[in-house]
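Heads up, the sequence shown is in full-length UniProt numbering, so the first residue is 1 and it goes up one at a time.
Be aware that a few hints might be false.
Claimed, not checked - In silico DSSO-like links for lysine-lysine, alpha-carbon gap of 30 Å or less: (1) K104 x K10; (2) K47 x K6; (3) K41 x K61.
Derived by calculation from the structure, the hints in this document are not laboratory data.
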Amino acid sequence: MKNLLKPYSKQDLNPGKEMFNKRLSRARRTVECAFGILRAKWQILDKPILTDVKIADKIIKAICILHNVIIDMEGMEHNLQEFQIYNHVPNQRNIGGRFNDEAKAVRDGFQTYFMQNN
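All chains, please: the whole structure from these sequences, using the hints.
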């Protein structure tokens, strides 16, 4: 899957790889929280979107835009209350497949950036 970063294996961690894994985990938790908030409001996200990837991309973008409009109109507290009621996002760890050299280079680039900007 393009643009999907995977953590380094725990077997060969050095400080840079460990930092990358921690930052990736923090980013994943942030995305899961945001997606949980969206799922609470938009029931279409409770099941797989069975359509072309380009259309699914447009659906997700439209949901994000509408979500932001609602925040502007109703305030953030309303959305946080909904999220507290419905905050479970299933674990997506078992996304199979191997990733290519380009993906590894991107991951290594992030590792280097994190170490230089710690």
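Notebook entry, point to check: K41 and K61: Cα distance at most 30 Å?
Noted result: holds (14 Å)
Note to self: For K47 and K6, compute the direct alpha-carbon distance and say whether it is at most 30 Å.
What the structure shows: Measuring from Cα to Cα gives roughly 24 Å; hence the hint holds.
Item checked: Satisfaction of hint between K10 and K104, Cα-Cα up to 30 Å -> holds (16 Å)
Of the numbered hints stated above, none is contradicted by the structure.
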